[in-house]
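Colleague: Please work from the sequences and hints to get the whole structure.
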Amino acid sequence: MSELALAEATRRPAPRPAIVDAAADVTTMIGRSLRLSLRSVDGMITALALPIMLMLMFVYLFGGALRTGIAYVDYVVPGVLLVCAGFGAATTAVTVSSDLTTGVIDRFRSMDVSGAALITGHVVASVARNLVSTALVVAVALAIGFRPSAGVSGWLAAVGVLALFVLALSWLSATIGIIAGSPEAANGFTFFVSFLAYPSSAFVPIDTMPSWLRGFARDQPVNTVVETTRATLTGGPVGSVAWHAVLWSLGIIAASVSASGVLFNRRG
Amino acid sequence: MTTDLAIEAVGLAKSYGSTSVLDHFDLRVPRGGVFALLGPNGAGKTTTVRILATLTRADAGRIRVAGHDVGTQRREVRRRISLTGQYAALDEAQTGEENLRMMGRLLHLAPRLARRRAAELLERFDLTDAGRRRVETYSGGMRRRLDLAAGLVGEPEIIFLDEPTTGLDPRSRAAMWEIVAELATGGRTVFLTTQYLDEADRLADRIAVVDGGRVVADGTAAQLKEQVGGRRLDVALAATAGPEAFATVVRRLGPRAVTADPARRTVGIATDGTAAHVRALLDEIDAGRDRVAHFDVHTTTLDDVFLALTARPAPAEVRPIATENPIATEKRSEHV
Ligand SMILES: Nc1ncnc2c1ncn2[C@@H]1O[C@H](COP(=O)(O)OP(=O)(O)OP(=O)(O)O)[C@@H](O)[C@H]1O
Ligand SMILES: [Mg+2]
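In order, the protein sequence lines correspond to chains A and B. For our numbering, count along the first sequence from 1 and bump the result up by 412. For our numbering, count along the second sequence from 1 and bump the result up by 539.
Check each hint, because a few of them may be wrong.
As the list claims (entries may be wrong) - Label-pair restraints from in silico Cβ distances:
no.: 1; chain 1: B; residue 1: Ser557; chain 2: A; residue 2: Met465; range: 48 to 56 Å
no.: 2; chain 1: B; residue 1: Ser557; chain 2: A; residue 2: Arg678; range: 18 to 26 Å
no.: 3; chain 1: A; residue 1: Gly515; chain 2: B; residue 2: Arg596; range: 14 to 22 Å
Claimed, not checked - A few chain B residues that face chain A, going by a derived Cβ cut-off under 7 Å, partial list only:
no.: 4; residue: Ala592
no.: 5; residue: Leu594
no.: 6; residue: Arg614
no.: 7; residue: Arg617
no.: 8; residue: Leu622
no.: 9; residue: Gly624
no.: 10; residue: Tyr626
no.: 11; residue: Ala628
no.: 12; residue: Asp630
no.: 13; residue: Ala632
no.: 14; residue: Met641
no.: 15; residue: Arg644
no.: 16; residue: Leu645
no.: 17; residue: His647
In case anyone wonders, no lab produced these hints; they're calculated from the structure. Think of the CB as a built atom: it goes at the ideal place given N, C-alpha and C, for glycine as much as any other residue.
Modeller: Okay, structure coming up:
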């Protein structure tokens, strides 16, 4: 009998405005992606252990050889933070791509769940993963001698810029994940993003680079974020680079959000 | 506008690149009951289901599902259907219960209702204990049941099931049959695909046989059997009749020969089962009364229909795709 009553209740003409339903779908998909993230052992190891190893490697292996004016650990931590976050966000391309190969996506589609909801779920989970790993890397950095001079506002600014950039990269990665034919292809994007950290001031000052590279190194998105993070944490002059960092991130977000919607609908 | 048809497809066509998968595909599925789309591997069953369930767009054709146009009223269609595909559509790392609850939330049930619905479906599909485990620990049969349950969370009008019993052991298969039969009550329509004749025979109120991207026959199981003759005459030639004699007989019978087994020198012929017809056939095959060793008349099975419709050496222009598809041919020979 309760079967009947329940059947009546579960019939689904949507009495709510579409926007409420859409928001509900986003919430559901965020929950899904967070749960799947937490349960992916490989994913968690990549997200947590790798950044810490990177941090230790840069500080101990390269730290002695590099002269940057301030203690190398203080110089390099903003760069490593960014590499870790960037790398973590880039893995979202792989996550999205392999998710799209599973049959469950067809079911979502046939239930009229939008691509935007699905992708937002992935992006939010990616940002969450990366904020946790960033916090961990900062803790390790502090433990091995990172002594930033920033006050509360400096930290907040640094976290804000980083988080915005992680959001942008995550969304860009998700878009790449939709385009990529396979998770392996999507993986290539991770390398591309990690590579962008080298022609930047993340590990060595830009003046030490060949002159033809300096212009690119200075203006590319990764560098603007590294410089902003470093300036806010070590109390240096922040200047216009912060605006560049913010604009880059917002631009990437805008482009990715619109592209991902179109691409998702076209696929399949 | 609302008709008594759950699904109506006229002139459906779909190709991938230069490969034509469906062509001049027409289908009418009445509301209520079980409808089976029967066909060999590669016949285009999955493609059809995906088009009807709004996942793939057809190249041509007019398609209405649950009274709405699949091309222009996707959302309306989606609200009324559910699809359980050929391969499980579940999150492996979520538990059975979480998967079902997620479906409920995506159908915009209140959290409490989604939870209740999940519990109820787990119970109905005998998964209550497994509900707390991750799907990756499930057996094939459990996965299928959960997958089907996931398609039922929202009380759809039309339920698409793509090969619901492929890969199940006989017991799970029988259990699935029971479930499917139960689903098709209260005006609901179950549209399933299968390559198993006994499944279609046993479950379906109506059957469409698809081969090479077209519906080659449709009707009730009885009507289909009628179509190839209500009965089949199996004739075994004597050992003294050589292979050439056998070949001549088969050639002379042409399309009336439903089966032919040169090794055992047997040939199956459609007949209405009357003495006059059987006698005439025997005389035709064996005018000298020295070739036929023995014969046997029995009721046509859906197997005969299937073979007659899909495996007969047809003129090449009728089914170019089927004859090009090695998997289809290979699978078909299993039915012989
Ligand atoms: N995305 C695609 N790209 C190219 N060819 C495809 C695609 N999907 C299906 N086909 C081709 O269409 C034909 C019909 O495929 P379909 O999956 O519909 O068959 P089916 O009847 O479901 O077979 P099975 O019983 O093996 O599941 C096959 O020859 C297949 O190779
Ligand atoms: Mg199929």
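Colleague: Each hint should be assessed against the structure and marked as holding or not.
Modeller: Each hint, compared with the structure:
| no. | hint | in the structure |
| --- | --- | --- |
| 1 | B/Ser557 / A/Met465: 48 to 56 Å | 51 Å, holds |
| 2 | B/Ser557 / A/Arg678: 18 to 26 Å | 21 Å, holds |
| 3 | A/Gly515 / B/Arg596: 14 to 22 Å | 19 Å, holds |
| 4 | Ala592 | 5 Å, holds |
| 5 | Leu594 | 6 Å, holds |
| 6 | Arg614 | 6 Å, holds |
| 7 | Arg617 | 4 Å, holds |
| 8 | Leu622 | 4 Å, holds |
| 9 | Gly624 | 5 Å, holds |
| 10 | Tyr626 | 5 Å, holds |
| 11 | Ala628 | 4 Å, holds |
| 12 | Asp630 | 6 Å, holds |
| 13 | Ala632 | 4 Å, holds |
| 14 | Met641 | 6 Å, holds |
| 15 | Arg644 | 4 Å, holds |
| 16 | Leu645 | 5 Å, holds |
| 17 | His647 | 5 Å, holds |
Going through the hint list in order, the structure satisfies each hint without exception.
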